[in-house]
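Here's the letter readout for the chains.
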Amino acid sequence: MSLYVHRPGLLTTIQDRGRYGMQQYGIPVSGAMDASAPRIANALAGNNEEEAVLEVTLQGPEVSFEHGMLIAIAGGDLMPAINGMPVPMYRPVYVAQGARLTFRGCREGCRSYVAVAGGLDVPVVLGSRSTYLRAAIGGVEGRALKAGDRVGIRNGGCTLPGSSAYRLEQILALAASMAGQPFASVDWFAPPLADYRRKVIRIVPGTHYRYLTEESRNRLVRQPFAVAPQSDRMGYRLSAEELSLQAPLELLSEAVVNGTIQLPQDGQPIILLADRQTTGGYPRIAQVATADLPVMAQYKPGDRFGFQLVSHEEAERLLIDHEQDWIRLRMAISLKMKEWGR
Amino acid sequence: MAKKRDQHSEEPSVPDREVYELHPLGDAAVLIRLGDMIDRRTNERVNAIMAKLAQDPIPGMIECVPAYTSVTVHYDPIRVHKLHTRAVQPSGSLYDSVCAMLEERMASIGPAAQAASRIVEIPVLYGGEQGPDLQYVADYHGLSVEEVVQLHSGGDYLVYMIGFAPGFPYMGGLPPRLATPRRATPRTTIPAGSVGIGGAQTGVYSLATPGGWHIIGRTPLALFRPDGTPPSYLAAGDSVKFRSISEEEYDQLAQEVLA
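Chains as they are written, first to last, in the UniProt record's numbering: chain A, 1 to 342; chain G, 1 to 259.
The set of hints was computed from the structure by calculation and includes no laboratory data. Please read these numbers as outputs of a predicted model, since none were measured by experiment. Accuracy of the hints is not assured; some may be wrong.
Unchecked claim - Quick list of the computed label-pair ranges, beta carbon to beta carbon: (1) A:L160 - G:P59: 29 to 37 Å; (2) A:R197 - G:T185: 39 to 47 Å; (3) A:A332 - G:T185: 54 to 62 Å; (4) A:T213 - G:D251: 26 to 34 Å; (5) G:E129 - A:K146: 29 to 37 Å; (6) G:Q135 - A:L10: 23 to 31 Å; (7) G:S108 - A:R330: 45 to 53 Å; (8) A:S311 - G:E103: 40 to 48 Å; (9) A:Q181 - G:T185: 52 to 60 Å; (10) A:S163 - G:V19: 49 to 57 Å; (11) A:P88 - G:E129: 55 to 63 Å.
Note that beta-carbon positions come from the ideal geometry of N, C-alpha and C, so glycine has one too.
Next comes chain A alone, as it looks inside the complex (with noise of 0.2 Å):
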């Protein structure tokens, strides 16, 4: 069983957990660019946390269900609809055999996610589903949806038999169907783990922040950024007054990692994102705190935001509690699903 392409959208690849233990070899993690929206849209769907899911950008695809399952849509609010009519994120939702998804226009964020009970199913390359487009691998043949793709779902599409998410998505077949509705939901939700509307992005200090002009460290945290058009999964391209090192700094190709913040000659931050080169010449002014990672993910082109400075131990704080509220809300949906299930 799988999913139908009608129309692909602007950028929608399949995407994972990322593919790790490779960079030494020079090959890119990738995986969802806002990596707290896919958990939640999975344990929704019932499924693991590491399974692959649709990233939607900006523009949504149109997909048709080739039959009923259980599906979950989390992250930025591109105003999914299912035969038209508006269908609620952060929950599980049931779509009727032949249902066709649209995304009406970007309302909020920029990455929308969506999940399907098994997983989407594309051969694992180098240990991962995860779609890397320069170098064509993982996903559908290395590339963005386009119009006629088939994406197979693991396990059918079905949820396991006997488990509570197999439980209600009998359930909710059966309202669906006695409402003569192409979809049907549950009457509650699950939040997202990420501040999304938080407009100011903690980072920590880089390895070459001391290289920065007093001047310009007062920049990077009292002036606004705003997201270029030439913004990728690669990284985001900033625009503001430009930063400035005191003399230029001759270095040496390193590893780089995801939310490092480098700043070429033109003096406009670069934010390294999923499919980011694996090591970079730049100096690297600062960090983004992996726990706003998500948050930065949502922006799009033309978004102004602010840098806020912490130290080292609050970034790693910040992270744990994601963690702690993550681990919380999956224990909260099993008891909701299992509550519904019954």
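Based on these hints, arrange chain G on the given structure of chain A.
Below, chain G alone, put in the same frame as chain A:
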């Protein structure tokens, strides 16, 4: 590493072998810096650390990335945190714990841990359609095309690191007489396998990408092998020799690669 602790060791004390610094790279990676010069000695230290951590990884480690003068250790802070909360005396930051575990490993790296260098031969068809800039490089240096090929294929190259693109080797060892400033206007696409010279560096494009290097030849070998284990034909620490091949041999090898 190679820190002299054993008084009975025969190994003479070499101060530069001991020096390293640890720096945070965000909240999920540590950079082990060994110096700031590109040289074979530093590369050997990089390789020794890579070998040590592959064999004896720290808890929570995800992967390590070697570079010219550093090794970066990516770790999962949440896994380190779990260790932390289980520890008898949880103290300090997660980063401090990671550093402590790394220092322990670094102290026990001996010269014996050095991995033996592989010698890898890369066949190259120089010039012609495959190497459109060979004549330019020759003219630039006042050499004949044959001399450029002889110099380039006569060099001993070392892969310092893989980066920029999947399987792309950063190599040292270009004969200084061949160093050529990059093209003023980069080409929009350079075929995979192209062998180029950019400044004092030489390398092989592992993917079709834009690039500003002078292209002097092409190898029929695939440097990026998504189906391979490992997926890169070359690895940091490899010694590379280029071998000049004929068109016939190129075609034959290219067919074997496809087969």
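Structure-based check of all given hints:
no. : hint                        : verdict
1   : A:L160 - G:P59: 29 to 37 Å  : 32 Å, holds
2   : A:R197 - G:T185: 39 to 47 Å : 44 Å, holds
3   : A:A332 - G:T185: 54 to 62 Å : 57 Å, holds
4   : A:T213 - G:D251: 26 to 34 Å : 57 Å, violated
5   : G:E129 - A:K146: 29 to 37 Å : 32 Å, holds
6   : G:Q135 - A:L10: 23 to 31 Å  : 44 Å, violated
7   : G:S108 - A:R330: 45 to 53 Å : 39 Å, violated
8   : A:S311 - G:E103: 40 to 48 Å : 22 Å, violated
9   : A:Q181 - G:T185: 52 to 60 Å : 59 Å, holds
10  : A:S163 - G:V19: 49 to 57 Å  : 56 Å, holds
11  : A:P88 - G:E129: 55 to 63 Å  : 58 Å, holds
Checked against the numbered hints above, the structure violates hints 4, 6, 7 and 8; every other hint is satisfied.
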